[in-house]
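S.K.: This is what each chain is made of:
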Amino acid sequence: MAGYVPHSAEERQEMLKAIGISSVDELYSAVPQSVKLKNLHLPDGMAEMEVKKRMKQLAEKNTVFSSVFRGAGVYHHYIPSIVKAIIAKEEFLTAYTPYQPEISQGLLQGIFEFQTMICELTGMETANASVYDGACAAAEAVAMCCDAKRNKALVSETVHPMTLETIRTYCKGSGVELVTVKTKNGITDLAAMEETLSGEYGCVYIQQPNYFGMIEPTQEIGKMAKKTDTKYIMGIHPISCVLLKSPGECGADIAVGEGQPLGLPMAFGGALLGFMACSKQMTRKLPGRIVGLTADAAGKRAFVLTMQAREQHIRREKASSNICSNQAHNALAASVYLSAMGIKGLRSAAEQCVSKAHYAARQIGKVNGFSLVYPGEFFNEFLTYCPTDTGVLIKALKKRGILGGYPVEDKILWCVTECNTKKEIDLLADTIKEVCGK
Amino acid sequence: MKLIFEKSSAGHGTDYLPKCDVEPYSFPAELCREHPLVLPETEEAAVSRHYTELARQVYGVNDGFYPLGSCTMKYNPKINEELAGLEGFAEIHPLQPVETVQGCLETMYTAQQYFCEITGMDGMSLQPAAGAQGEFAGLLMIKAYHLSRGDMKRIKIIIPDSAHGTNPASCAMAGFEVVNIKSNAKGCVDMKTLKNLADDTVAGMMLTNPNTVGIFEENILEITQIIHNAGGLLYYDGANLNAIAGVVRPGDMGFDVIHLNLHKTFSAPHGGGGPGAGPVGCKEPLLPFLPAPVVKAASEGFDWAEPSQSVGRIKMFYGHFPVIVKALTYVLTLGAEGIREMSETAVLNANYLKNLLKECFDTAYEGYCMHEFVLTLEKLKKEKGVSALDIAKALLDEHMHPPTMYFPLIVSEALMLEPTETESKTDIEEAAKKLTAVYRKAKEQPEMFHDLPLTTPVCRPDEAVAARNPVLRYFSRIER
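Protein sequence lines, in the order shown, are assigned to chains G and D. Residue numbers for the first sequence, in my numbering: 5 to 442. Residue numbers for the second sequence, in my numbering: 20 to 499.
In case anyone wonders, no lab produced these hints; they're calculated from the structure. A quick note: this is a predicted structure, and the numbers were derived from the prediction, not measured. Among the hints, erroneous ones may be present.
What the hints assert, rightly or not - Sample of chain G residues facing chain D (criterion: CB under 10 Å; computed from the structure): (1) 30; (2) 50; (3) 60; (4) 66; (5) 78; (6) 173; (7) 320; (8) 327; (9) 335; (10) 410; (11) 439.
Unchecked claim - Residues from chain G that face chain D, not an exhaustive set, calculated with beta carbons under 7 Å: (12) 43; (13) 44; (14) 53; (15) 55; (16) 77; (17) 130; (18) 196; (19) 200; (20) 202; (21) 250.
We treat Cβ as the ideally placed atom computed from N, Cα and C, and that holds for glycine.
Starting from the given sequences, assemble the full structure and let the hints guide the process.
M.R.: Take a look at the structure:
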């Protein structure tokens, strides 16, 4: 029989005998006879060799593109080989949440370093050990800010639609009223926001760069939120924030975001990595695991999970969230990525993203009808018109091994990263011209 | 150990990217970051050594016996990682055209079907990121179901006092009122109390079966009937599925909604605290409310589907896809017979260990256990002043991961043990010897127990100081 059960038939007999029974069935005597299963309708078990073949066949049914110009939430960035090598270490992979600090210092210190790196990137004072993904981080951040007195959340329509949907779902549970601010010229309509904001709102949520790739006036929004004492949540792309004003500089109370660009593969959209950082005042409202520094009896530096009075296993229905796992293994990948890339490497990635995106926008823009939809600054994504049916263009690009931009209605949202070479961008522009140019 | 920041020196580092081959673009100054960025500046060799040093101070399933009750720390087959990392899975963008991701969709569809068969459910959404998120999604489905029938007064969820902390926390997030139900002397749901509580304000009941004390609720059919008769629904917390998969199905016991923990029952590794995965499944009447999207079989291949009255999206994209690949790999390997053998062996191992310990330790509840059991050290604490925590810490010196401590909350000085099916007879006997030796020593020399462990990289950290005066990050410079 396939599987990982270690007992021989004799050992099994000895164990049964020791317990004083003749068959395992006796251990299940509390299970009502009427619902006991005869057999599962599943295929027979397979040998590892066969399983590998079957799963490889499935993987081969997918198309791996040699050139990716699509983002919209998940990004194709370069991952140094060391990231994969480190996270493959079995100790990191097979450990549980570090409840026993004496034998978990490696994990705990790794999380403490991750928290520090997230604080540095965002310019905030405290970070947690991570949550499921950027959308969940946004939803959890909204929950941190709203209460019975301030029971409304204001979210810009320029955020990723899936983030908006996730916040909406979480609000269904909490009863927080979600209000959206409309878009003007590809960014949040500031006048509409100012008109809406009031003391009823617990928070404002803005994504920087926004879903269309555009740079939001995050400092102005911060000032606006202050006027009504509304908490300001910024969702950021962690690589863009090397160049752009950090949430801390914009007056944000909470910074969240999707950490996938920091060393995680696209992997069909997950597992991702949500990060959350906040001001000192809001620290005790943060959900999830937090690691703190302390010392052992001998005065030796030690790390522990701390401030657990916020958490579900202690507070039950009064907890700040139901979350118990974080994305520890993915947070580790991000830490290794940031350690390996360093300041220089990360800045280079950011500069290449913005430079190559602008080059691509110029090249694509040369084709008739492919001009930018919005004026203004963008980072590594931009929206263009598409005079041809988007499906036809995407299919034509696919033939050349190119994953084209993401169709948004009749327009296309392009994404360019450091991975895209000038040659690739030129091939992209040439192909667009061939298919759509007149 | 030094922090990576303490190994950093300005200007150092390894280059991974080529030079930019297009004209540089700079943002206008008013948009630019002024706040200095501090990250480690170290060569790759130093980074590699740093994390190798950290790894040496982590205890994983591969380091030894890991009987952490309620967590199902079974062996994680190595094939899992290799297959999840295949280029055809890892390098796929989630928004690729549907005809270019048929392999991913078939993987998800097959997983949905198999999980439905194993649990007796009619549909499954793989979206939830973890068990806790599966609970949240499932509770929102229960809420949406009642509201869709115009039944507005069902605001309560009944939860046993032995339940995992996530259960009441998820209820609160989903906007329900929690009604705790006391367990009886056998550790099970008290039927009389349940009958009194079940009225038309009850939206449902959350239950783990076997429950968190490791006992199968023998009145399960009556329990589900009482709740159903009162118009409520039954939620199955899949944390303990490793005891019964292939033996009995939650759907057949009368459960309407469930979540699975793929990182427990289905061998995906815990990763030091995630990512796991917590698919949510349901019976036919609740199908319209599943989180969107789910995968359906189309006339040609597979496609996405949006359940008609979906509770919505609970995260980005479609769930933890690599974890789903690992779980499917596991189910394909085990097959129908193997899954049954998995559960039966988990239960056999737990009973074998419990039997080996019974001379020495007091078990919290009598009778056969399922895949885990709870010891109570109340007597030892009272007589010798040695607590469950002290015993757990002493085990660290024996190179064994301690059991779960102080859970469930209804047992005082609790230690909860779950050996799982992948531990051999010899491993279990060794563990029993260690536990027994530690216990005997505690009786003879109780005074020395409060300072253990002595051989670990650090001794007991001062948790009170950490909480009172939180230092949650490293500072490399003097702050404002």
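S.K.: In ascending order, which of the hints set out earlier in this document are inconsistent with the structure?
M.R.: 11, 14, 18, 19, 20
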